[in-house]
Amino acid sequence: MLLITCPYCQETLPEAEFVYAGEAHIARPEDPSQVSDEAWRDFLFIRTNPKGPHFERWRHLHGCGRFFNAVRDTVSDRFLTTYKAGEPKPDLATLTGEAK
Amino acid sequence: MSAFRVHGKGRVNHGRKVGFRFDGTPFEGLEGDTVASALLAHGVHLMGRSFKYHRPRGPVTAGSEEPNALIETRRGIDRSEGRVEPNTRATMAELREGLEAVSQNRWPSLGFDVGAVNDGFHKLLPAGFYYKTFMWPKSFWDKVYEPFIRAAAGLGRSPDAPDPDSYASRYLHTDVLVVGGGPAGLAAARAAAEAGLRVTLVDESSEIGGSLLSEPDVVIDGTPAWDWLAGEVAALAALGVKLMPRTTAIGYYHQNMIGLVERVTDHLAEPDPALPRERLWRVRARQVVLAQGALEKPLIFDGNDRPGVMLAGSAQTYLNRYGVRVGQTAVVVTSHDSAWSAAFDLAAVGTSIAAIVDTRAELREDLLGRAHALGIEVLRGHTVTGTAGRLRVSAITVNPVQSGAVGAGRNIACDCVLMSGGWTPTLHLFSHTQGKLEWDEEGKTFLPFETREDCQIAGAGRGLWGIEAALADGSAMGARAAEALGARVLARSHAVERDRTGSGVAKKELPTLKDLTSTRAFVDFQNDVTAKDLRLAVREGMRSIEHVKRYTTNGMATDQGKMSNINGLIIAADALGKPAPQVGLTTFRPPYTPTSFGALCGYHRGDHFDLTRKTPIDPWAEAQGAVFEPVGQWRRARYFPKPGEDMDTAVARECLTTRSAVGMFDASTLGKIEIVGPDAAAFLERMYTNPWSKLAPDRCRYGLLLGEDGFIRDDGVIARLAQDRFHVTTTTGGAARVLAMMEDYLQTEWPHLKVWLTSVTEQWATIALNGPKARALLEPFVEGLDLTPEAFPHMANGTCTVAGFPARLWRVSFTGELGFEINVPARHGRELWEILWQAGQAHGVCAYGTETMHVLRAEKGYIIVGQDTDGTVTPQDAGLGWAIGKAKPDFVGKRSLSRPDMLVESRKQLVGLLTEDHSKLEEGAQIVLDPSQPIPMKMVGHVTSSYHSQALGRPIALALVEGGFGRMGDLVHVPMEDRTLAARITGTVFLDPAGDRLKM
Amino acid sequence: MTKFSALSLLANAFSGHRNWPEQWPDKEPKPAYDVIVVGAGGHGLACAYYLAKEHGIRNVAVIDKGWLGGGNTGRNTTIIRSNYLYDESAKLYDHALDLWDGLSQELNYNVMYSQRGVMMLAHTTGDVQSFKRHIHANRLNGVDNAWLTPEEAKAYCPPLSIDPRARYPILGAALQRRAGTARHDAVAWGYARAATKLGVDIIQNCPVTAIRRGPDGAVTGVETARGFIAAKKVAVSAAGHTSVVMESAGVRLPLESFPLQALVSEPVKPVIPCVVMSNTVHAYISQSDKGELVIGSGTDQYTSYSQRGGLPLIEHTVAAICEIFPLFNRMRMLRKWGGIVDVTPDRSAILGKTPVTGLYVNCGWGTGGFKATPGAGHTLAWTVARDEPHAANAPFTLERFTTGRLIDEAAAAAVAH
Amino acid sequence: MTVVPHELVAGVLSETPDLSVSLMPLRGRFSLRLMPEGTDPAGEVLGFRLPTRIGARQAAGSREVVCLGPDEWLVVCDDADRAVIEQGVATLAASVPHALVDLSDRELTVMVSGSRATELLTLGWPRDPQSVAVGTARRTVFDGVTVVIWRDGETQWRLDVWRSFAPHVLDLLLTGCRELAAG
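Chains as they are written, first to last, in the UniProt record's numbering: chain S, 1 to 100; chain Y, 1 to 1000; chain B, 1 to 417; chain H, 1 to 183.
It should be emphasised that the hints constitute simulated quantities derived from the structure, not laboratory data.
This one's a predicted model, so the numbers in the text were calculated from it and none came from an experiment.
Do not rely on the hints blindly, as some may be mistaken.
Only some residues are given here: those of chain B computed to face chain S with a beta carbon under 10 angstroms [said to hold, decoys possible]:
no.	residue
1	L255
2	G298
3	Q301
4	P312
5	P345
PhoX-like, lysine-lysine: derived pairs with alpha carbons at most 20 angstroms apart [claimed, not checked]:
no.	chain 1	residue 1	chain 2	residue 2
6	B	K232	B	K154
7	B	K30	B	K65
8	B	K27	B	K65
9	Y	K888	Y	K694
10	S	K51	B	K65
11	Y	K123	Y	K514
12	B	K269	Y	K52
13	Y	K508	Y	K578
14	B	K290	Y	K143
15	Y	K138	B	K3
16	Y	K52	B	K290
17	B	K53	B	K197
18	B	K53	B	K3
19	Y	K578	B	K30
20	Y	K754	Y	K694
21	B	K197	B	K3
22	B	K3	B	K30
23	S	K51	S	K84
24	B	K65	B	K154
25	Y	K143	B	K269
26	Y	K123	B	K3
27	Y	K52	Y	K123
28	B	K65	Y	K436
29	S	K84	Y	K754
30	B	K197	B	K27
31	Y	K694	Y	K886
Don't be surprised by glycine CBs; every beta carbon is placed ideally from N, CA and C.
Pulled out of the complex, with its shape left as it was, chain S reads as follows (with noise of 0.2 angstroms):
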């Protein structure tokens, strides 16, 4: 069970409290009849399932219940980060070099 922290909470807490909510950063087209077909399944289904740092969305289900951004490695499954929807994408560079 991981520990996770609550950006809008500011606690870290089990991951009982939390529901993952797939890759982060994937934005709904802004006019969805515009793009094309494949342009579409890109957005549907299209995902970079890395070996290392991912960006995801989690939501504090049972807590403050929103949906949050988080930084976590894959093959360690740590998270390198949190942090609040709508916020930037954190430069991977520095946050690594936290990391270590």
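Put chains Y, B and H on the given structure of chain S with help from the hints.
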């Protein structure tokens, strides 16, 4: 009678006798004994049979790593009482009055076991033999060979009665968790506790103390070991340390979460029934100190598995902790100094030590001196080439080795052999953390190197030998853990006298005169894996220890390689001519020792296995004798049988009553979401396919929700209560999914919308009244709302009081009849139901359940999401194109509806089906166009719903059929096992297509 | 190479088993091959075997970052069945089932394919509707699958509890008698031995770091820890690691990798004669020939390559098993382990060509890849050899995620309503 | 396992010297949702400053409020007070976008108190009880069920549980009472 008990010795209570039985024979042991120590006290070594060759076996250890002495333990004589554990380690099973112990994997008896014939054929059954044969004739595998193999396999027998005991679980948060209650663990706990931290100390044994329990002669800070131990344990308790004996750390999970299993009642003769048998602890520790000590390794020589052959350290434990001599005449065989002290201890209580056989040529002077003083013959630079004895070792053959050459052998009579191949750190939990190991070439063992977890390793667990070193290191690691948590503390050291430090060498199988392929030198005792099996695997091309392990099953027995992994690795590396690290170590996987299913289930058994949600009206339905069905986590009344009615007759009556008079239905399980805020309508526009902005505040509308993939996810009636307030209903099973999906879009895609979502599913109890007399029944109770058709037409909603209860009243129908849904605060649900029920008697009211609801809605062609749709159905497929707001630029799933495959003619579309011969179709039955085609047939769809319609006096069905809309009136065929049914494709509305009944 | 048989076993017994040859040689890579298969699991090795045997392409290398069979092949619960709903799935898995039948004889390696039957339990009316739909579809597709009453289910698997008062009572079951299990390691080893006998090279502990493409965009070979190896055709069959390998060729996939756990109990005498699955309570169990209860758990909620997995999932899985088999409450878990499964949006595999010339992919098997091993290898070999899909894998394209023509078995299983 | 009363009636369900579990009478309960800028005007209407730290509580007379999320508050009051609050918040109207939803019937409240109360909660609560200070509350999970746990004193706890989940939660709590009593 217990000839091998040494009076006054050990930590057992010589004043308290405990009766138990082994294979039906009564025995007496002492309080504090294990089954193994109690049997050994009676001179009984033979306790089990090995897996493959059924060789007679006795305990080789005194701990949880025991591979041989596995027994079935029972509470009560009879298996049918349900308290039966197969494969219990006799070396860990604490004695309790009346314990029944039964040997396993033998027939007819432990002494004479027919299965032992395998041993005679061992040359035919090398590692992996089954991959090479049993292939001809083909049909024999299922019928002959496999049944034979399966019958031979397995050790104990599964319990055959339900388990009457209960199990428990807890969460525990602690600053420092110390695993292992030996000297290192005690010192670590002391240091951390003195730093003022929350400390928990666990040990798998019945007593805290670890190796100290077997070392009474050691003196610590001038105090005898056991007195010091008692004082230390008291001090820890006083410092508030949580001391947990009988507790095994089974696994080390992410971020310092450790699983513990506490054995609560197995050692008690008559436990309090309110106590759980075992308790699972899910511990989250800020720092972990692993002080699990080290495991002694067997030496690998021909016949090293005979009962009476055991680890020297274990013999020492049986003597010093349990007061039991493991034999009359012992030969000690070792490559490590530690075994010498076992010899000296046993000699001191009158066991004659026939010889100390050391593989090493160079030996410590002090040891030689002590042996000489005790008159013990020492054979240095010797090997062992065989043992004799059938059910117990009776002699051992030792030979000198000069410059690699094995000299002539000599037999020494004995009734026990104490062996030691040195020690290897217990790395299991460390390796669960995926920590890196480093190979210590000199010690021929792996040592912990580094881990990502916040974890320290102390004492023998990192290769430090001796109690003084363990105490000092434990204290230092406890202090390090404390410092990591920002606490200050000084590590202390202790002066230890008569400490038994020592060193040794690690060996592959011992040299012998026989050629290696004919010796039976066991590496994995339980699985009967010998050194030659390992070499065969390498010869056959197995290059990694992972392959060797899987091919030979070395290390896969119930001790999970505690006895065999390192020896196996050393031999495989030798066979490959590679350094051990390049051959690799099979990773240790949780749990550390086998863990009962019950402990893992904890409270989640029987009724508590999963939630059962019930509505406020459920107790009434139960009192009425309703038959229920689970829907998601809810239980719903399925039908209300009157005496003598089965489902069909009850449902027929409920349908008829509802269509002709009025029916009451508990719709409280429907998901309800209150959507409030200035942008409420705008939000619904984006989520649902339908338009919402223009919906009047006193109206309802059917809402259809798609996934972004364009397929139907959910539906339900949505009432607009005010300009900025909607009351949304969802399917019973979909409530949580739908709310989560809405929150996702609101929070992450459209955060600028000023609207909030709240689940009110359980705020409201919902009673649906359906039928021509619904208004007549309801009207007298309603205040504040005019129910006349003009004032309150179909799809109207309003607030009022019903029988004095505040209510949200809707005029909606899922039956095609005049219908009302009354939402009242949950606390009033049952009272209102009973009021209406009473009043309804005059109108011939009935209560109906989900089954009747399904029939009535099917007669109207109303779909049920999840039954008539299956996650691959678009609105158009379901004939719900009308529910799509044509003018809307976008809504969830809209874009996917224009993907190529969504537009093809041949999509499956929802239609009605009427069988030609009026027989009822089976739900799920497949539809074909040409019934005479051969198998595999081309299927064009399937029946999604099928019922007998009381209203139409015939069966009706809904089906998804390829291009169904274009096949109206066509005949299709439904091939069943016995016959093929013909059915005609129709529209989906079977009753009152004009909807007049709704408008009454 | 010695033919395996009772006779050869006997003969070698006399020579103390001193003369058994290597079952497969551990090769150093040649500079170039006709085909490179990335991933020496059951699927990859089977592909190489069928390339050599049925398409005469013997200049083939199977390259793995670790030891052969060390991935999901050696970490799964060995369930084999083909009673899938959609024609596409049923055809592919039944194609595999036909190959399983007689595989031991074909490979001269006893893979212990045991047709003990797979029984799937129905606990809700939704389950019943869904299972009936499967059974009817299977019957018309010529796939065996039969409906059992609770009593019949218990008769087939005696330790099962059919107590109607249970939280999830058993309302019936679907039984595929032809289905069963096989010895997972033996499948990898058998294919390896048979493939190398036909000239295939198996190169272990040689991570593929990138797939190389020429100016024309077509595949030219792979970069590995031991340098570049040329090949005009590369087939990637790397399960959980597929995304990472394919990324290097510029191909992004609809895949996510999740940790899957499984566990075994201590060995006991035969008690469960078949495979029992319950999707509703998430319990999957059979008994190995060694006597261990082999139990499949679920995947953790988050993507991961850690192969670690948490305790809560194990707790739930074991609780689910004991809900169906209360007798096992006092049995003990012996060991649990984790694998990495790659999952597609419709939970069906991707097996065929890619937008890149000469690059083929076999992935997305989720938790069910073992049962497909011979079929996946066979159709992948066909596709690579002829540069066109076999009838059985034709629908399992990458394009379906653009057109929307998904093969969504899970969605088709009825959901609560 | 324990049989939980089918009809959930307020009252003591288990009591020993060091542990008692009881079902509380229903109280008024609202979910209040607001943009940050709305907190002050809303606070005025309700009679206390709305706390903005998640988990923080405020009380005025019989009214209590806890901040459950960045834009979410739970207001508890006497039954009689419900109408007053609804009317009050209604006056905020358009100037302050907000949502007030009556949940008085959605949840039941279980009181757990006594020297072993905290220990009892560890049967199903993954969180460290120490992380919830006296006088605060959290929405969290207990035995898989969403609950709001209020810490009223060192050994005084309240659990708000959705109506249909209450029997499951009570079942575990009462089983735990028997287990703890046995030692």
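Hints, verified against the model:
The interface hint given for L255 (chain B) is met, as the beta carbon of that residue sits about 5 angstroms from the closest beta carbon of chain S, less than 10 angstroms. Of the supplied interface hints, the one on G298 (chain B) is violated, with its beta-carbon coming no nearer than about 13 angstroms to a beta-carbon of chain S, more than 10 angstroms. Evaluation of the Q301 (chain B) hint against chain S yields a held restraint, the C-beta minimum of about 4 angstroms falling below 10 angstroms. For P312 (chain B), the interface hint holds, since its Cβ comes within 10 angstroms of a Cβ in chain S; the closest pair sits about 6 angstroms apart.
Given the 10 angstroms rule on beta carbons, the hint for P345 (chain B) holds: about 5 angstroms separates it from the nearest Cβ of chain S. With a C-alpha separation of about 55 angstroms, the suggested pairing of K232 (chain B) with K154 (chain B) is violated against the 20 angstroms cut-off. Of the pairs offered as hints, the one joining K30 (chain B) and K65 (chain B) holds, with about 17 angstroms between alpha carbons and a cut-off of 20 angstroms not exceeded. For the given pair, K27 (chain B) sits about 14 angstroms from K65 (chain B) by alpha-carbon distance, which is consistent with the 20 angstroms threshold.
Distance hint between K888 (chain Y) and K694 (chain Y) is fulfilled; the C-alpha atoms sit about 13 angstroms from each other, no more than 20 angstroms. Annotation: proposed proximity of K51 (chain S) to K65 (chain B) holds, straight-line Cα distance about 15 angstroms (limit 20 angstroms). A threshold of 20 angstroms between alpha carbons decides the hint, and for K123 (chain Y) with K514 (chain Y) the separation of about 15 angstroms falls inside it, so the pair holds. For the hint pairing K269 (chain B) with K52 (chain Y), the CA-to-CA distance comes to about 13 angstroms; that is within 20 angstroms, so the pair holds.
Between K508 (chain Y) and K578 (chain Y) the CA atoms are separated by roughly 14 angstroms; this keeps the pair inside 20 angstroms, and the hint holds. Only pairs whose Cα atoms come within 20 angstroms are accepted, and K290 (chain B) paired with K143 (chain Y) is accepted, the gap being roughly 17 angstroms. A C-alpha spacing of about 16 angstroms is found between K138 (chain Y) and K3 (chain B), which places the hinted pair at or below 20 angstroms, so the restraint holds. Of the supplied pair hints, the one linking K52 (chain Y) and K290 (chain B) holds, its CA atoms being roughly 10 angstroms apart against a limit of 20 angstroms.
At most 20 angstroms may separate the alpha-carbon atoms for a hinted pair to count; K53 (chain B) and K197 (chain B) meet this at roughly 10 angstroms. A hinted pair counts as satisfied when its Cα atoms are at most 20 angstroms apart, and K53 (chain B) with K3 (chain B) qualifies at roughly 17 angstroms. Between K578 (chain Y) and K30 (chain B), the direct Cα distance comes to roughly 24 angstroms. Violation of the 20 angstroms bound is thereby established for this hinted pair. At most 20 angstroms may separate the alpha-carbon atoms for a hinted pair to count; K754 (chain Y) and K694 (chain Y) meet this at roughly 19 angstroms.
Restraint check for K197 (chain B) and K3 (chain B): the C-alpha separation of about 11 angstroms stays at or below 20 angstroms, so the hint holds. For the given pair, K3 (chain B) sits about 28 angstroms from K30 (chain B) by alpha-carbon distance, which is inconsistent with the 20 angstroms threshold. Between K51 (chain S) and K84 (chain S), the direct Cα distance comes to roughly 23 angstroms. Violation of the 20 angstroms bound is thereby established for this hinted pair. The hinted pair formed by K65 (chain B) and K154 (chain B) fails the criterion: a straight-line CA distance of about 45 angstroms is larger than 20 angstroms.
For the proposed pair K143 (chain Y) and K269 (chain B), the alpha carbon gap of about 18 angstroms is at most 20 angstroms, so the pair holds. Annotation: proposed proximity of K123 (chain Y) to K3 (chain B) holds, straight-line Cα distance about 19 angstroms (limit 20 angstroms). This hinted pair checks out: K52 (chain Y) and K123 (chain Y) have alpha carbons roughly 12 angstroms apart, not beyond 20 angstroms. Restraint check for K65 (chain B) and K436 (chain Y): satisfied, since their Cα atoms lie roughly 19 angstroms apart, inside the 20 angstroms limit.
Our distance criterion of 20 angstroms between C-alpha atoms is met by K84 (chain S) and K754 (chain Y), whose separation comes to about 19 angstroms. A hinted pair counts as satisfied when its Cα atoms are at most 20 angstroms apart, and K197 (chain B) with K27 (chain B) qualifies at roughly 13 angstroms. For the hint pairing K694 (chain Y) with K886 (chain Y), the CA-to-CA distance comes to about 14 angstroms; that is within 20 angstroms, so the pair holds.
Violated hints, in rising order: 2, 6, 19, 22, 23 and 24; the structure is consistent with all others.
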